[in-house]
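Add chain A to chain H, keeping to what the hints say.
Residues per chain, in single letters:
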Amino acid sequence: EAGVAQSPRYKIIEKRQSVAFWCNPISGHATLYWYQQILGQGPKLLIQFQNNGVVDDSQLPKDRFSAERLKGVDSTLKIQPAKLEDSAVYLCASTLQAGGNQETQYFGPGTRLLVL
Amino acid sequence: GDSVTQMEGPVTLSEEAFLTINCTYTATGYPSLFWYVQYPGEGLQLLLKATKADDKGSNKGFEATYRKETTSFHLEKGSVQVSDSAVYFCALSDQNRGSTLGRLYFGRGTQLTVWP
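For the record, the sequence lines run as chains H and A.
Residues in the first sequence are numbered consecutively from 1, following my numbering.
Residues in the second sequence are numbered consecutively from 1001, following my numbering.
Hints listed in this document are in silico derivations from the structure and should not be mistaken for laboratory results.
Just so you know, these numbers come straight off a predicted model, no measurement behind them.
Warning: the hint list may mix true and false statements.
Negatives, chain A to chain H, calculated, CB over 10 Å [as the list claims (entries may be wrong)]:
(1) GLN1006
(2) LEU1019
(3) ASP1054
(4) GLU1069
(5) SER1072
(6) ASP1084
(7) ARG1108
(8) THR1113
(9) TRP1115
(10) PRO1116
Here are the computed lysine-lysine pairs in the BS3-like style, where the Cα-Cα straight-line distance is at most 27 Å [said to hold, decoys possible]:
(11) LYS1068(A) - LYS44(H)
(12) LYS1052(A) - LYS44(H)
(13) LYS1060(A) - LYS1077(A)
(14) LYS15(H) - LYS44(H)
(15) LYS1068(A) - LYS1052(A)
(16) LYS11(H) - LYS44(H)
(17) LYS44(H) - LYS1056(A)
(18) LYS1056(A) - LYS1077(A)
(19) LYS71(H) - LYS15(H)
Idealized CB from N, CA, C, for every residue including glycine.
If we strip away everything but chain H, and leave its shape as in the complex, we get (with noise of 0.2 Å):
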C-alpha cells in the first residue's frame, strides 16, 4: 500500500513570496490533516479536511495560508506572503475515517520550507 506522497520535499523561498505544497493521500482515506513542525518543536495542526470539506481551520492564520481539497483526494496548501517564521516543516496525514478508536494517522515525509 502506498503512503502519504508530498512535494515538494524542500523549498527555499524569500519573504514576500509564494510558495505552494502538494500531499495525496493514502487511497480511500477520507481524512486530511495538514500539520506545521517548527524546529524543536512537536507538530501543530493547521487545517482539518473531511472529504472536500473543512472540518477545522481554528489554527490556519488565513491572511496568510490557504488550503484546499477539491476533489477530496489530494490537497494543496498554500503561503501567500511567506514569512520568516513559516519556515517549518509542513506535514501531511491522513486517515481512514477521523474519529473511533481505532484509528491512526498516516503521515507523509514532510516539506521542508525554509524563508529568508
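The following block gives chain A in isolation, referenced to the frame of chain H:
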C-alpha cells in the same frame, strides 16, 4: 486545553541500556495516547498507542502504559539498539470523546542517540 509535556532531550545511551522517556498529558476526559517515532530523513511513524486507562501499547520492544491516575504515558525499552536512534513524540487525540475531529496534540519530541 489539551496538551502533552515530554521530557527534554537529547538522550544519549549506550547500546543495550534501559530507556525511559517521560510523557504527561492534560486533557478533558479520556483521550487516546500515542508514541510516534521520526527516523532521520523520514516521516512520522506510529510506534504504539493506548486507547483507555491501564492499556499497555507495545511494539518493537517498546512499551507504554496509559496511567490515568498520574496522567502519564511513559515510553520504555529494556535494551536499546543503535537503530533506535530517532526523535520520539508523545501525542494525544480527542477521538475518544465522541469527537469526529481526531486531531493530534504533540509534545516537543525527544531526540534519542544510541552509541555502539
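Results for each hint:
1. At the 10 Å boundary, the C-beta of GLN1006(A) falls inside the reach of chain H, the nearest C-beta of that chain being 8 Å off.
2. Distance check for LEU1019(A) against chain H: the nearest CB is about 19 Å away, which clears 10 Å, and the non-interface claim stands.
3. For ASP1054(A), the shortest C-beta to C-beta distance to chain H comes to about 15 Å, beyond the 10 Å cut-off, and the non-interface label holds.
4. No beta-carbon of chain H comes within 10 Å of the beta-carbon of GLU1069(A); the shortest separation is about 21 Å.
5. No beta-carbon of chain H comes within 10 Å of the beta-carbon of SER1072(A); the shortest separation is about 17 Å.
6. Once the 10 Å rule is applied to beta carbons, ASP1084(A) is consistent with being away from chain H; the minimum gap is 19 Å.
7. Taking the minimum C-beta to C-beta distance to chain H, about 5 Å, the non-interface status of ARG1108(A) is violated against the 10 Å cut.
8. Every CB of chain H lies more than 10 Å from the CB of THR1113(A), the least distance being 16 Å, so the non-interface label holds.
9. Every C-beta of chain H lies more than 10 Å from that of TRP1115(A), the closest at about 23 Å, which supports listing it as non-interface.
10. Every beta carbon of chain H lies more than 10 Å from that of PRO1116(A), the smallest distance being close to 27 Å; the non-interface claim holds.
11. For a cut-off of 27 Å, the pair hint linking LYS1068(A) to LYS44(H) stands: about 24 Å separates their Cα positions.
12. The suggested pairing of LYS1052(A) with LYS44(H) holds, with an alpha-carbon distance near 23 Å, which does not exceed 27 Å.
13. The straight-line distance between the Cα atoms of LYS1060(A) and LYS1077(A) is roughly 9 Å, inside the 27 Å bound, and the hint therefore holds.
14. For the hint linking LYS15(H) to LYS44(H), the alpha-carbon distance of about 22 Å falls within 27 Å, and the restraint holds.
15. Proposed proximity of LYS1068(A) and LYS1052(A) is supported: the alpha carbons are some 9 Å apart, at most 27 Å.
16. The straight-line distance between the Cα atoms of LYS11(H) and LYS44(H) is roughly 20 Å, inside the 27 Å bound, and the hint therefore holds.
17. Restraint check for LYS44(H) and LYS1056(A): satisfied, since their Cα atoms lie roughly 26 Å apart, inside the 27 Å limit.
18. About 13 Å separates the Cα atoms of LYS1056(A) and LYS1077(A), which keeps this hinted pair within 27 Å; it holds.
19. Of the supplied pair hints, the one linking LYS71(H) and LYS15(H) is violated, its CA atoms being roughly 31 Å apart against a limit of 27 Å.
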